[in-house]
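Undergrad: For the record, the sequence lines run as chains X and E.
Numbering follows this note's numbering, in which position 36 of the first sequence is assigned residue number 36; successive positions increment by one, without gaps.
Numbering follows this note's numbering, in which position 411 of the second sequence is assigned residue number 667; successive positions increment by one, without gaps.
Hint data in this document are derived by calculation from the structure and do not stem from the laboratory.
Beta carbons: idealized from backbone N, C-alpha and C, even for Gly.
Don't take each hint at face value.
[Said to hold, decoys possible] Each computed PhoX-like pair below joins lysine-lysine, with the alpha-carbon atoms no more than 25 Å apart: (1) E:K335 <-> X:K31; (2) X:K94 <-> X:K30; (3) X:K30 <-> E:K335.
[Stated by the list, open to error] Anything over 12 Å on all C-beta distances counts as not near chain E; from chain X, calculated: (4) A55; (5) V70; (6) L73.
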Amino acid sequence: MTEVNLGEEIVFWISGGLAVLGALGMILSKKAVHSALWVALTMINLAILYIANSAPFLGMVQVIVYTGAVMMLFLFVLMVVGVDSSDSLIETLKGQRLVSIVLAIGLGILLIAGVGAGLTDVVPVGLEEANGIDGGNVEGIARLLFTDYLIAFEVTSVLLITAALGAMVLAHRERWLPRASQAELSRSRFLGAGHPGNLPSSGTYARHNAVDTPALLPDGSPSELSIPGPLVARGDVRPIDHHDVDQIESRGGGTK
Amino acid sequence: MTESQFGVFGIDPWWLVLLKVLAIFVMLVLLTLFTIWWERRVVSRMQNRIGPNRVGPFGLLQSLMDGFKLALKEEIIPKAAHLGVYWIAPVISATAAFLAFAVIPFGPTVSIFGVETPLQLTDFPVSVLYILAIASIGIYGIVLAGWSSGSTYPLLGGLRSSAQMISYEIAMGMSFVAVFLYAGSMATSEIVSAQEPIWFAVILLPSFLIYVTSMVGETNRAPFDLPEAEGELVGGFHTEYSSLKFAMFFLAEYINMVTVSALATTLFLGGWLAPWPLSLWESANTGWWPLLWWLAKVQIFIFIFIWLRATLPRLRYDQFMKFGWKVLIPASIIWIMIVAAARVLRNDIDFSNRELLIIGAVVIAVLLVGSWLAQVVIDRRDTARKLALEEIENRAYDPIAGGFPVPPVPGQQAVLTSRRTASPVVQQEAIDG
Chain X
1 MTEVNLGEEI VFWISGGLAV LGALGMILSK KAVHSALWVA LTMINLAILY IANSAPFLGM
61 VQVIVYTGAV MMLFLFVLMV VGVDSSDSLI ETLKGQRLVS IVLAIGLGIL LIAGVGAGLT
121 DVVPVGLEEA NGIDGGNVEG IARLLFTDYL IAFEVTSVLL ITAALGAMVL AHRERWLPRA
181 SQAELSRSRF LGAGHPGNLP SSGTYARHNA VDTPALLPDG SPSELSIPGP LVARGDVRPI
241 DHHDVDQIES RGGGTK
Chain E
257 MTESQFGVFG IDPWWLVLLK VLAIFVMLVL LTLFTIWWER RVVSRMQNRI GPNRVGPFGL
317 LQSLMDGFKL ALKEEIIPKA AHLGVYWIAP VISATAAFLA FAVIPFGPTV SIFGVETPLQ
377 LTDFPVSVLY ILAIASIGIY GIVLAGWSSG STYPLLGGLR SSAQMISYEI AMGMSFVAVF
437 LYAGSMATSE IVSAQEPIWF AVILLPSFLI YVTSMVGETN RAPFDLPEAE GELVGGFHTE
497 YSSLKFAMFF LAEYINMVTV SALATTLFLG GWLAPWPLSL WESANTGWWP LLWWLAKVQI
557 FIFIFIWLRA TLPRLRYDQF MKFGWKVLIP ASIIWIMIVA AARVLRNDID FSNRELLIIG
617 AVVIAVLLVG SWLAQVVIDR RDTARKLALE EIENRAYDPI AGGFPVPPVP GQQAVLTSRR
677 TASPVVQQEA IDG
């Protein structure tokens, strides 16, 4: 066994603890976004552990790729879809709870036994030797990736590119006509029928500014454009109080 | 990690580390205060105004006073906010902003209280990747602020920010690759010393331009400030933040500006190395002088940030995304290929400069001819397509062409059919006839 110094031990217990905390939080939180955040915490702490184990490149890539890109994409989707409600607790598969508990315990035993045996029985060859062959951790990874594991590396990238292309093909939609440019859109807006700009907002120059109060034109008549169509259809438009209009005019606010 | 694994780094006594941390913290806060004042003054001048000039000499203390006022303001927390996340978002933003500065080199080895030490908190073999990693954590602050505010506009700001981050980080990361290839290292101190004869901004100009563009996108500054576009999203991700929490976002934005400027200086402008006329002076690169060169270079970038903000209108969101994915990323990929090929030819196959130039000329000629050919093919295809389309448009609309119900193509008039009539064809005949 290689020696574990005090600093390494402190880092391990803090980061390891936080990573476990993140994992538990991920399972126990009810909101999907909270779960995603707990996973991010776990990932960052794993990265710290990698760095503490003299694998700085792996640690940084872990943060950049998993925390920065993958988890961010997850968050993006969660925020767009707006998964806020917790899932219903009615079980659709009978007895799945029991089975999953048994399986989880089994997996735990296997992992503990395997890792435990790995830590006690296997003699580590030494990090210094592994990192020293090519003059550093980064150089070592680069050499392995581009010599011994070149085929695996390239095949993985082919897989990823295929997946990306597949996603693009699935999302592709053929255009019948070329997309209208900004100039064309603007021309059609001003030359075509209809109101070219924003519609007047409700209640302008009127006594109230609620959506059901039409804006007043300079001559005191209501502007129909300022009221949403559904309100007009329901007959929910507030009538103009001509007393108010006269009052404003008598103060010199309008001309007739 | 064992100590002194990496040259002069990691062997400082504890009090010196503490001193450096404190110095960086104070410097960043002061630089933020200065940058806010500087920005307001410069933008004012560019708009024919004077800007803040009341508090302190030249109004220098204005941002300090504004900071006090901001911190003491009433805090309003929306009822719909998700409290835990709402609290932690500004903390993540500000902390990440400070953390990135741990690996920025300010100068060469100097003597502080009798200890020889580099003017840099720490360094390790992947420190530029560390800055990228910290930047991607910092963006969590913005995204979470948008989500946790429980309000529409902040959410849109947060979404935009995460999309922007993912897109521009790729271009940013790729602009580093050429630098890594030339420096042969990802450690900031080694990248600076690799630029001793000539800066990477000169020999790797495309990388430099790509980095400078994407760093503006990365810091959410105009003209790429879409996450907080005030014309569209009120204030974007920080709409619902007030008082000290808002101040932390503000602080983070300005520190991020300084950070990316410092990174640009380190990677492309020779870090603390003296610029040309000054480098003729022998002791320009020793002692404390380099700190001054470093600061001057960073200030040039910050001035460019301010200049951009005063000059350019904000991009439309789709244009911005298109620029990132269809211009910056392909351009960086092609540039990396060129750099890598040139280096392999120079170093391993032992080509001379002249042969390299000839090969380059041939490649460019092939590319030009190829692009011309491609354009001819595309034009021909487009014309054929246009003709086909016109033909379809001119053809009368047949609602059950080929025996299947089909919608009209643009330009064709849909025929209104009633369900009572026997078949659309009958009606079509009625119209034609």
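Undergrad: Now tell me, hint by hint, if it's right for this structure.
TA: Right, here's what the structure says about each hint:
1. Restraint check: the Cα-Cα separation between K335 (chain E) and K31 (chain X) comes to about 18 Å, which is no more than 25 Å; the hinted pair holds.
2. The suggested pairing of K94 (chain X) with K30 (chain X) holds, with an alpha-carbon distance near 22 Å, which does not exceed 25 Å.
3. A distance of roughly 20 Å separates the Cα atoms of K30 (chain X) and K335 (chain E); the hinted pair therefore holds under the 25 Å criterion.
4. At roughly 10 Å, the least C-beta separation between A55 (chain X) and chain E is not larger than 12 Å, which violates its mark as non-interface.
5. The claim that V70 (chain X) is not at the interface with chain E is violated, since a C-beta of that chain comes within 12 Å of its own (minimum 10 Å).
6. Annotated as non-interface, L73 (chain X) brings its C-beta within 12 Å of a C-beta of chain E; the closest such distance is 7 Å.
Taken one by one, the earlier hints fail for this structure at numbers 4, 5 and 6, listed in ascending order.
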